[in-house]
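Colleague: Spelled out from the first residue to the last, the chains are:
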Amino acid sequence: MDWFLQQLINGLALGSIYALIALGYTMVYGVLRFINFAHSDVLMLGAFSAYFLAPAVEKILPLPSIAGALIVVLLSAMICAGIGMLIEFLAYRPLRSRPKLTVLITAIGVSLFIEFTCQHPAVLGADTKPFPKLLTENDLHFGGLVIGSNDLVIVGTTLVLLASLWFVVQRTKIGTAMRAVSFNQQAAALMGININRIISFTFGLGSALAAVAGILYAIKAPGIDPLMGVQPGLRAFVAAVLGGIGNLPGAALGGLILGLVETYAGGTPGLSNYRDGIAFAILILILLFKPAGLLGKATVEKV
Amino acid sequence: MTSMKGAKRWLIAGIILAIVASQFSGSINRYDLGILIDIGINIILAVSLNLINGHTGQFSLGHAGFMAVGGYSAAKFTLVVAPLVPESMQPLLFLVALLLGGLFAAIAGLAVGIPSLRLHGDYLAIVTLGFGEIIRVIAQNTEAVGAASGLTGIPKDTTLGWTFALAAVTVYVVAALVNSTYGRGFIAVSDDEVAASSMGINPVRYKVTAFVIGAFFAGIAGGLYAHHKTFLSPTGFDFFKSIDIVVMVILGGMGRTAGVIIAAILLTLLPEFLRSFADYRMIIYSLLIIGLMIARPQGLFTFGKRKGAAA
Chain A
1 MDWFLQQLIN GLALGSIYAL IALGYTMVYG VLRFINFAHS DVLMLGAFSA YFLAPAVEKI
61 LPLPSIAGAL IVVLLSAMIC AGIGMLIEFL AYRPLRSRPK LTVLITAIGV SLFIEFTCQH
121 PAVLGADTKP FPKLLTENDL HFGGLVIGSN DLVIVGTTLV LLASLWFVVQ RTKIGTAMRA
181 VSFNQQAAAL MGININRIIS FTFGLGSALA AVAGILYAIK APGIDPLMGV QPGLRAFVAA
241 VLGGIGNLPG AALGGLILGL VETYAGGTPG LSNYRDGIAF AILILILLFK PAGLLGKATV
301 EKV
Chain B
1 MTSMKGAKRW LIAGIILAIV ASQFSGSINR YDLGILIDIG INIILAVSLN LINGHTGQFS
61 LGHAGFMAVG GYSAAKFTLV VAPLVPESMQ PLLFLVALLL GGLFAAIAGL AVGIPSLRLH
121 GDYLAIVTLG FGEIIRVIAQ NTEAVGAASG LTGIPKDTTL GWTFALAAVT VYVVAALVNS
181 TYGRGFIAVS DDEVAASSMG INPVRYKVTA FVIGAFFAGI AGGLYAHHKT FLSPTGFDFF
241 KSIDIVVMVI LGGMGRTAGV IIAAILLTLL PEFLRSFADY RMIIYSLLII GLMIARPQGL
301 FTFGKRKGAA A
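If you're matching them up, the sequences are chains A and B in order.
Our numbering puts the first residue of the first sequence at 1, with every later residue one more than the last.
Our numbering puts the first residue of the second sequence at 1, with every later residue one more than the last.
So that you can see chain A by itself, here it is in the shape it has in the complex (with noise of 0.2 angstroms):
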């Protein structure tokens, strides 16, 4: 029983993080109906943002301390913002009207591209960093149950950062017109919308949550590299499938529910070998029997 709970609240905290990427691919996918491949790495980015800035963070505000954790993941998510819009700008915007294979393609190379040139030792170099710590780490005990501090943080921010999402979509002039231009963009830009703007918009807001998610990864990873958001990305986009890409509950749900098994999975003697291989075994089993997610809906396609 102990077993089973410490593991759920692994899996929640894991699931939480992929959910926030998920995120990310969801909304992409929403306005542009092409998977962002660079998603992952501005996850990767982020983390590095902030193992960058907290050093200098540090000279102004203690760390680890919680005000000091804030500016640092809201100055990373800023510019990993600017960067989602520079991607956009410079790679995707030019080949909007162009077949989704070519913009597919296009983003498997900005991907590749970030990657390799992170690897590059005049840059970062492939080696694994240490991950500065930002918050004070506590065990918290409930008989033989054990919670770190930092499960709670990512639970918790998370939470938020849904919500907050939740009510910029639904609730705003800009999420309504994110809205309008996910459902017929054409549409949208006759009744005076800003196309670029909201698209822009969008990768922004994406890539500011992929920031705050990869800095949530790697308060739980051992180190960061470059190449450190490739999994947790794949896995991510997985989710977003799994619960229906374009879905914003969706890709929370399947977010949880791909954290969970994982982790189910990951403590099972036997089965932790091919932790690796789960996510795309439920991805290949999810698009054979329901093909548009768990909470998608199924689409006819038109000549």
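Please note that the accuracy of each hint is not assured.
Computed Cβ-Cβ distance ranges for the label pairs, DEER-style [what the hints assert, rightly or not]:
(1) A/Q6 with B/L274: 35 to 45 angstroms
(2) A/R98 with B/Y280: 22 to 32 angstroms
(3) B/R281 with A/T268: 36 to 46 angstroms
(4) B/Q90 with A/L8: 37 to 47 angstroms
According to the in silico footprint, chain B covers these stretches of chain A (three or more CB under 8 angstroms from chain B) [claimed, not checked]:
(5) 84-98
(6) 103-112
(7) 236-249
(8) 267-278
(9) 287-296
A short, non-exhaustive set of chain B residues, derived as facing chain A with CB atoms under 7 angstroms [as the list claims (entries may be wrong)]:
(10) L110
(11) D122
(12) E133
(13) D279
(14) M282
(15) I284
Treat the hints as calculated values from the structure; they're not laboratory data.
Note that the Cβ used here is the ideal one computed from N, Cα and C, for glycine as well.
Chain B: place on chain A using the hints.
Modeller: Chain B only, in chain A's frame:
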């Protein structure tokens, strides 16, 4: 566009080249020979991926996975059976191993092709990527194929002659298939799936066929690779290997066999000349992908226009 006759000419030219090459292979130094074999293997990989990605328009990112299935099964077969049969039978055994590798890969292709029947573009790309990862994870955990430390001691059976001959066969089969009445369906599916199906073409069947045939040849290439390098490790078949092959197809021009062959040759030679710039190889590749997609999505080595050619 190559006609049926053209395809046969390619086959004959390729086979002649293979025979000539095998006559001269004794006098080529080991390093050059290795590169020539690499070129042959990459041509098989790129041309077979071109059937899936180029001609049929199904973007697959898992070609290294098929290659791994073929390579591991062929190598395992050789390792188990080779000590049991007499020396004179070895060349035949090698051929059987390659065919077996191709067959296993084709079965894997069928397994990926079936879920793909409901998917398009980017979904399919992810499923194939995931499939490649699953293969890698399985190879990494299976003691029978050496798990994480890899499979060693594979006999060095791959010769220049066999590689070129099989490359010629691959080019011939893909070209002849695409140019046949049946094969026009691949291009129809690539141009517009919905329109194709309303014309009575069953896109699912074509997609699965493309996957099975493409995977078969990738499996053969894997077998050649295994018996060329004499060593297989799961990390050799990761996502980046698939990307290598995809870049060949994109650079050559999707659906353009001749262009893809040129690209395969060029991209095998390039890293050899740029050894001192190895750190920059993937950066150059990625910029090549982005640049090509923005400026010349039809590929670098395509001249003339294919009607309705999109991406």
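Colleague: With 7 angstroms as the cut and Cβ atoms as the points, is B/L110 at the interface with chain A?
Modeller: 13 angstroms, violated
Colleague: Does the closest beta carbon of chain A sit nearer than 7 angstroms to the beta carbon of B/E133?
Modeller: Check passed: Cβ of B/E133 comes within 5 angstroms of chain A, closer than 7 angstroms.
Colleague: Holds or violated: is there a CB of chain A closer than 7 angstroms to the CB of B/M282?
Modeller: 4 angstroms, holds
Colleague: Tell me if chain B covers the region 267-278 of chain A under the three-residue, 8 angstroms CB rule, please?
Modeller: Contact hint for the region 267-278 of chain A vs chain B: holds, 4 residues under 8 angstroms.
Colleague: Close enough to count: is the Cβ of B/D279 nearer than 7 angstroms to one in chain A?
Modeller: Constraint on B/D279 satisfied, holds at 6 angstroms.
Colleague: I want to verify a distance hint. Is the separation of the beta carbons of A/R98 and B/Y280 within 22 to 32 angstroms?
Modeller: 28 angstroms, holds
Colleague: Would you say the region 236-249 of chain A counts as covered by chain B, given the rule of at least 3 residues with C-beta under 8 angstroms?
Modeller: holds (count 3)
Colleague: That 35 to 45 angstroms hint for A/Q6 and B/L274 (C-beta), does it hold up?
Modeller: 51 angstroms, violated
Colleague: Do three or more residues of the region 103-112 of chain A come closer than 8 angstroms to chain B, measuring C-beta to C-beta?
Modeller: This one holds; 9 residues, not fewer than the three required, reach chain B with a Cβ under 8 angstroms.
Colleague: Hint check: is the beta carbon of B/D122 less than 7 angstroms from a beta carbon of chain A?
Modeller: Check passed: Cβ of B/D122 comes within 5 angstroms of chain A, closer than 7 angstroms.
Colleague: Does the region 84-98 of chain A contain three or more residues whose Cβ lies closer than 8 angstroms to a Cβ of chain B?
Modeller: holds (count 4)
Colleague: Taking 37 to 47 angstroms as the hint, is the beta-carbon distance of B/Q90 and A/L8 inside that range?
Modeller: 57 angstroms, violated
Going down the numbered hints, you'll see the structure goes against 1, 4, 10, 15, while the others check out.
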